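All chains, full assembly: derive it from the sequences and hints.
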Amino acid sequence: MADPMRIRAQAAGDKATVRVLMSHEMESGQRKDAAGKTVPAWFIQEVTATLNGKPVLSAEWGPGVSKNPFLQFVVKGAKAGDKVAVTWKDNKGDTRTDEATVS
Amino acid sequence: MQTRRETLKQSAVVAGLLASAGFPQFAQAAFNKTGFDAKSVQDAVKAYGGGALAESKDVVITAPDIAENGAVVPLGASTTLPGVKQMLILVEKNPSALVAMFYVSDAVESNFLTRAKMGQSSDVYAVAIMADGKALFAKKEVKVTLGGCGG
Amino acid sequence: MKRTLTTVLAALSLACSWPSLAQKTASQGIDEYRAMLQDGNPADLFEAKGEGLWTQKRGPKNASLEKCDLGKGPGVYKGAFVELPKYFADTGKVQDLESRLLTCMDTLQGLNVTEIAKTGFGKGEQINMTALATFIAAESKGMKFNLSQAHPSEKTFYEVGKRLFFQRGGPHDFACASCHAEDGKRIRLQDLPNLTKNPGDGVGFAAWPAYRVSNGQMWGMQQRLNDCYRQQRFPYPGFASDATIALGVYLGVNSQGSASIAPAIKR
Numbered sequence: 086m087a088d089p090m091r092i093r094a095q096a097a098g099d100k101a102t103v104r105v106l107m108s109h110e111m112e113s114g115q116r117k118d119a120a121g122k123t124v125p126a127w128f129i130q131e132v133t134a135t136l137n138g139k140p141v142l143s144a145e146w147g148p149g150v151s152k153n154p155f156l157q158f159v160v161k162g163a164k165a166g167d168k169v170a171v172t173w174k175d176n177k178g179d180t181r182t183d184e185a186t187v188s
Numbered sequence: 441m442q443t444r445r446e447t448l449k450q451s452a453v454v455a456g457l458l459a460s461a462g463f464p465q466f467a468q469a470a471f472n473k474t475g476f477d478a479k480s481v482q483d484a485v486k487a488y489g490g491g492a493l494a495e496s497k498d499v500v501i502t503a504p505d506i507a508e509n510g511a512v513v514p515l516g517a518s519t520t521l522p523g524v525k526q527m528l529i530l531v532e533k534n535p536s537a538l539v540a541m542f543y544v545s546d547a548v549e550s551n552f553l554t555r556a557k558m559g560q561s562s563d564v565y566a567v568a569i570m571a572d573g574k575a576l577f578a579k580k581e582v583k584v585t586l587g588g589c590g591g
Numbered sequence: 016m017k018r019t020l021t022t023v024l025a026a027l028s029l030a031c032s033w034p035s036l037a038q039k040t041a042s043q044g045i046d047e048y049r050a051m052l053q054d055g056n057p058a059d060l061f062e063a064k065g066e067g068l069w070t071q072k073r074g075p076k077n078a079s080l081e082k083c084d085l086g087k088g089p090g091v092y093k094g095a096f097v098e099l100p101k102y103f104a105d106t107g108k109v110q111d112l113e114s115r116l117l118t119c120m121d122t123l124q125g126l127n128v129t130e131i132a133k134t135g136f137g138k139g140e141q142i143n144m145t146a147l148a149t150f151i152a153a154e155s156k157g158m159k160f161n162l163s164q165a166h167p168s169e170k171t172f173y174e175v176g177k178r179l180f181f182q183r184g185g186p187h188d189f190a191c192a193s194c195h196a197e198d199g200k201r202i203r204l205q206d207l208p209n210l211t212k213n214p215g216d217g218v219g220f221a222a223w224p225a226y227r228v229s230n231g232q233m234w235g236m237q238q239r240l241n242d243c244y245r246q247q248r249f250p251y252p253g254f255a256s257d258a259t260i261a262l263g264v265y266l267g268v269n270s271q272g273s274a275s276i277a278p279a280i281k282r
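Residue numbers (the numbering used here), protein chains in the order written: chain A, 86 to 188; chain B, 441 to 591; chain C, 16 to 282.
Hint data in this document are derived by calculation from the structure and do not stem from the laboratory.
Any given hint could turn out to be false.
Said to hold, decoys possible - List of simulated lysine-lysine pairs, DSS-like, C-alpha gap at most 30 angstroms: (1) A:Lys168 - C:Lys159; (2) C:Lys76 - C:Lys39; (3) C:Lys156 - A:Lys122; (4) A:Lys174 - B:Lys479; (5) B:Lys580 - A:Lys161; (6) A:Lys139 - B:Lys473; (7) A:Lys100 - B:Lys533; (8) B:Lys533 - B:Lys579; (9) B:Lys479 - A:Lys161; (10) A:Lys177 - B:Lys486; (11) C:Lys108 - C:Lys159.
As the structure is a computational prediction, the values presented were derived from the model and not from experiment.
Have a look at this one:
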């Protein structure tokens, strides 16, 4: 199972800035290994997030996103104590969900 | 004291909620392959229903002038305009120009930041696709250079 | 009349200097790029992993590392990183962080440390070792280096490290000093800090462990030294060997008083 994400959510006024670090190879499928064989594409395709269980973010990613991706977005109507959950799904069907509390 | 591990722990309950909850306001849940197969910025935008690209001072692309290493280039797309459906981040000279596409709901600001791989120096684009299909963009040139041997 | 002339002249001189003001140097551009990466360092992922490993019961002895003495007493990790390498009475040796982690993995957990020392970086238990080193370093982030030179062995290791630093060899006749013994040197866009003296906060010794964006890898000091030897076309002295620890003492004592930024993010 993939390593956990690191999620920080900071409230300011009625918004919260959410910063996420995900542990993922994000292999583009363009690289060749030492033997000359193309390393197969392996990357996060979908990212979603919820605030207290309600969907707030939906995104599609391609192999152009960097390894161990960083994502920052701003959720409206969030306050300290709220729960932010982020989920990613990759092209192999692997998925990971992690949660953080808005501070 | 709560450890970082506890804060990061996977929540099975939340995962279940996500699985059952749909995204009623967003039509697509499936990965849009066409967008990421597109070779040009305009084609990628068309794949999401965007029209002809029009430069706009109301769209902001956040990017460094020079990237020390093309593997990790911070890129941000934002706008304060209302009525945005999607925000796209693109690197013109990449094999697949589209890096990421964010749906803009009522619950999030049109303000996203991530990091992209850049194969070479290139223009990078922030595109806002509006509810009426207009595609407004801002672009900036990012020079990519390989650093030295250490550090 | 005079005032108008002065105003015109002032405006002209301002206009002439504008082009140079507007131009950003490559160095400034790189500094901005690096600043943009500070928030959201993937090293955090390794730090979190290391924190979990510290409390996890592992090995034949099914024990955690929570009683590991990194120089400030069993289990104390806050501030330990900036005092390493140092002399340890229980092993009778001067040890750096990764060497000390090996000692604890051996004595507390019963893990096969000979095997771990032979394992390549980024493989098997070395992945855990790097994560642990990242966690321990993070617990001293911002603190100033303060290595002891009180024990005779610590003094000896400083002198040995200094000699190793200046020793030339290999097919290119390189020494560490070839790149790191003068001010103002660089390779392409990488500044080469002068490590014969204190290079300042967060530079050189004070910047490792670090996450390297170019290959997406987390590197501890042992891997950093390993790669320097590779670049000099020298054989690698060995994981946690006396030679690498002696170099650490030399670099660390020279950095006395500078602040650690580990875990850092680097090209």
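Here is how each hint holds up against the structure:
no. : hint                : result
1   : A:Lys168 - C:Lys159 : 37 angstroms, violated
2   : C:Lys76 - C:Lys39   : 58 angstroms, violated
3   : C:Lys156 - A:Lys122 : 41 angstroms, violated
4   : A:Lys174 - B:Lys479 : 24 angstroms, holds
5   : B:Lys580 - A:Lys161 : 28 angstroms, holds
6   : A:Lys139 - B:Lys473 : 27 angstroms, holds
7   : A:Lys100 - B:Lys533 : 35 angstroms, violated
8   : B:Lys533 - B:Lys579 : 13 angstroms, holds
9   : B:Lys479 - A:Lys161 : 34 angstroms, violated
10  : A:Lys177 - B:Lys486 : 27 angstroms, holds
11  : C:Lys108 - C:Lys159 : 23 angstroms, holds
In this structure, the earlier hints numbered 1, 2, 3, 7, 9 are contradicted, and the remaining ones agree with it.
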